[in-house]
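Participant: Protein chains in written order, with numbering that gives the first Met the number 0: chain V, 0 to 390; chain L, 0 to 390; chain D, 0 to 179; chain A, 0 to 179.
In case anyone wonders, no lab produced these hints; they're calculated from the structure. One thing to keep in mind: the hints can contain errors.
Computed list of lysine to any residue pairs in SDA-like fashion (alpha-carbon distance at most 20 Å, straight line) [unchecked claim]:
#1 V:Lys33 / A:Ile175
#2 L:Lys33 / D:Lys62
#3 L:Lys300 / L:Lys310
#4 L:Lys33 / D:Asp116
#5 L:Lys359 / A:Ile175
#6 L:Lys310 / L:Thr276
#7 V:Lys310 / V:Ser273
#8 V:Lys310 / D:Arg72
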Amino acid sequence: MKRTLTSVAFAAACLAAAPVVLADELKDLPASAKPLGGEQHNLATLSKPYPKRVYVLEPIFPVFVAGKIWVINGEKQDIEAVMSAGYAPNFAIAPDHSQLYVFDTYWSKGFRGTRSDMATFYDPLNLTIGADVDLPKGRFLVVPKKQNAEVTPDGRYLLSYNLAPATTVSVVDTKERKYKGDVEIPGCGLIFPSAGNRFSSVCSDGTLATATFDANIKATITRSSKFFDPDGDPVLEHVGIDKKKGMVYFVSYEGNIFPVDISKEKPAFQPKWSLLTDEDKAESWYPGGWQLIALHRATQKLYVLMHKGPKWTHKQAGEEVWVFDAKTKKRIDRIKLKEHAISITVSQDAEPYLFTQTEKPSLITYNLKDGSEVGEVEFGISPYLLYVDGD
Amino acid sequence: MKRTLTSVAFAAACLAAAPVVLADELKDLPASAKPLGGEQHNLATLSKPYPKRVYVLEPIFPVFVAGKIWVINGEKQDIEAVMSAGYAPNFAIAPDHSQLYVFDTYWSKGFRGTRSDMATFYDPLNLTIGADVDLPKGRFLVVPKKQNAEVTPDGRYLLSYNLAPATTVSVVDTKERKYKGDVEIPGCGLIFPSAGNRFSSVCSDGTLATATFDANIKATITRSSKFFDPDGDPVLEHVGIDKKKGMVYFVSYEGNIFPVDISKEKPAFQPKWSLLTDEDKAESWYPGGWQLIALHRATQKLYVLMHKGPKWTHKQAGEEVWVFDAKTKKRIDRIKLKEHAISITVSQDAEPYLFTQTEKPSLITYNLKDGSEVGEVEFGISPYLLYVDGD
Amino acid sequence: MAKGLQFMDRFFERMSRRTAQQVSRRHFVSGLGAAMVGATFLPVLPVSRKAQAAEDPAAAWAKQVEAQTKDPRACNYWRYCSSDGYLCSCCGGGPATCPPGSVPSPTSWVGSCLNPDDGKTYLIAYRDCCGKDSCPKCACLGSAGEKPAYIPQLNNDIIWCFGASSMIYHCSSAAIVGQI
Amino acid sequence: MAKGLQFMDRFFERMSRRTAQQVSRRHFVSGLGAAMVGATFLPVLPVSRKAQAAEDPAAAWAKQVEAQTKDPRACNYWRYCSSDGYLCSCCGGGPATCPPGSVPSPTSWVGSCLNPDDGKTYLIAYRDCCGKDSCPKCACLGSAGEKPAYIPQLNNDIIWCFGASSMIYHCSSAAIVGQI
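Same shape as in the complex, but just chain V (with noise of 0.2 Å):
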């Protein structure tokens, strides 16, 4: 058999942004051959953080012990990077956006072996680690949730939940990049961080927990009353949240937003307020899915995934969102969505997109002017968390 698949050999390139010396190297080609200088093996970096890049978190489940977190172009609707991640993975950005942190474990036999935790520290451009910290203490194992993991408002401390089944936060130094100890929370989960040095938990017993911890870790823990009836009408897990305010609006089962400012010492319950009308009740609708509610800073309009019940479907996926003027109370809005969809978030800019994670899966991109959609990217298996740059 002739063929014209002539020139096969290992072919040798240089790393990365190197150009490609084969012009020389070709000399033993046959005489019909020509070299061309060889294209480079080049290495893309990412641009610059901008507020529409959207970092999608997935962990695998149909294998689960090896997670990714899909970096997307948010205004054009594309793949800009995928990174790998190990078991049920959080994330954070620093509020100046240099750098990306990966809460992460593994295990030296892929499902077995010698576990270990760590947070990861990501270079924001060409997604290089440049610190692997040990969590001794290890890390909470559950279908990943953003508040979670956490990085103070400055930037300096990492806060990264644990429940072994004690309840603690471990504390990393960013500067340090070191593991500087743990915070116990007895009874209470997730992390809101509301200053340098400070952050609150819900607790299960219907309150808040508000710990400050100074260099050496040393926290005073003050509770709050009960704000909320976790037996009744428990809080979801989810939130608006303004990092830079100190504000979080938990959402609970119900359609109850509970408003609390976390910005001083003590945390400032305001009053709750319901998202639903009679009508809307009658109607059976529930807030649902997983990141389920999104908050734009600047306009202090909050998004909620919403859907027909009946009670107890907490986790499933919304078929619309709901817009509300945090300030009225009052629903501005309801955006019908393409498909169904179990997160969501909202662009930090002053013409901010809506992205809804789809059960399809894909990503599909809304413009907040007015509901129409721009775009859909389909990837992954399970993606399940968004985070933006500046949320």
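Since the structure of chain V is provided, determine the placement of chains L, D and A on it from the hints.
Facilitator: Relative to chain V, chains L, D and A alone:
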């Protein structure tokens, strides 16, 4: 809110197969609650090996670091167990069914960190790990192919191919459970074990290399004359094989069968013959797929996945399985597949089944008595290789 | 505060003290496992609360999904009202049996589901089978009575492998442990 | 035997000798990488063989898939005639560019594809981008002129990350390195 979801606590059960003694412990239940003794949290074990059990090796392409092996009841079309594995794993079954072997590669942090390569010994009933034998020279990292890892016919040695890029075969003693050394097979690949201390490999120049090694893994290599044309019509990597008799049926891109008797020290090449009549060729039929050929030992029938080309579609899924009598070299049947398949195997019992791995993906089973469908079972993302007990 | 929560708080408290005593997490967890498996006292301390059929999540779920008692490989099998994950029944195990090669977890959380055949409500221990990566067949998401993870003893997102030799989730089982 | 295969044999032979000298595999591979990256001599030694258009796999493939030169994210982009895997173009890279955070491999195999615009056949270096798990978008399986792995320099199933700092496959790139 009132509800009957009343009983909530950490419940402790005993480990595998030990009964749970909850009866005495439920004394704190509400008055309306009655303890029921507590259902055991049992641990299932597999039944003894049988001819129609199928092990399906799945390199999970979108999550390549974490493969799986599915244990399928080919009689009942049911999942018996799912084993976890690592990067581009291989699999082998001890000839006496006493062990399952997984040849595997892990990195200490999932997709990074320290690499380790090993042969892992599994109990075939409990699927518990008896040993990890380190493979210090590594393994060939490639989309898994059956003949890259094997066990000698007497069960004594495991043989694992390596290209790094030196081509060697690592030898593990299954009695000592120890790596013993590497046999170099320059310019060759694939492993066809033919005796307790002997295997053959296919070489890129169209010859067969036969390696005989002693207890210290000192090897002598002999090279046959060229028996196929690697440029014009190379043989594919998957073969029909009778490991008990030492008979290998290679199939080539162009649909030629190259029977080789490797039972003696010197391989005996039998005349090649074609799967294709002139009419078949006119219709552009080609063998293709991944594990595209199987042999039923007792009847010396060959089963080959076939599709309509053009040329260079040797990995295309097959739409029919053609049945040949390897003695008369005649086609005796054509089985039209319900779904196109990439891999096939047959059980080695007297009333054999044909197992086909479809692109769907699913495993569809046919009764070879009449080509009728026995059933279909869906699992996995990209299952690829099929093994049966006793093949 | 309900008894169960009190228990949890005591539980957390005890564990926290141990943590504070610089017991390493891994010793800590394995110690927990040993304690729980070996203990004569099994800490099942349910919460007492009056039933109100109209708001009973177990009954609501059973109605919504047309719960059945015949096929433990279907998401609407009655015991799975609060189960989230891959069914062990589909992966070589059963509703209360771990598949070959996995590790039964000694810990679980307990919910309650309505058996549509006898109309009675049973306590169901949601125990994970651990030690291998996801099984992964028959993904079912029941959320009747399920609560956020800051109420861990009522949450089904958590990897319920505490005390097992591995914290890797393979599949979800659901064993009957009592009746209300 | 073709020149390329001779080269491969020499290559294997040289490497085998090194192995025989008890150089550990990891030193061996990293040594190889360093050698290949740092070397002035880059071992591209193609095989000379007469073209026969009728049996040209590159031309056959281009015809079969209606190869095009506009969209490097489609499987029928002309360079991918022998590419097997996820396209780097779909994961933040390009046909000859690795996505951010991955590691370009210094080694590759070289096939040839027909450019339908100019009707000429080009040498394409199939280089993997390594260091992260599968990208995984745009799975394409080209097999024009592709050979079994016992002829490694013509095989696309192999993880072509030799000499890179990682043997983990992320995606497939296809760079033009010559013209026939």
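Participant: Next, verify each hint and record whether it holds.
Facilitator: Now the hints, each set against the structure:
1. V:Lys33 / A:Ile175: holds (11 Å)
2. L:Lys33 / D:Lys62: Judged against 20 Å, a Cα distance of about 24 Å means the pair is violated.
3. L:Lys300 / L:Lys310: violated (26 Å)
4. L:Lys33 / D:Asp116: holds (18 Å)
5. L:Lys359 / A:Ile175: Outside the cut-off at roughly 35 Å; violated.
6. L:Lys310 / L:Thr276: holds (16 Å)
7. V:Lys310 / V:Ser273: Holds. V:Lys310 to V:Ser273 sits at ~16 Å (cutoff 20 Å).
8. V:Lys310 / D:Arg72: Judged against 20 Å, a Cα distance of about 24 Å means the pair is violated.
Violated hints, listed in ascending order, are 2, 3, 5, 8; each of the other numbered hints is respected by the structure.
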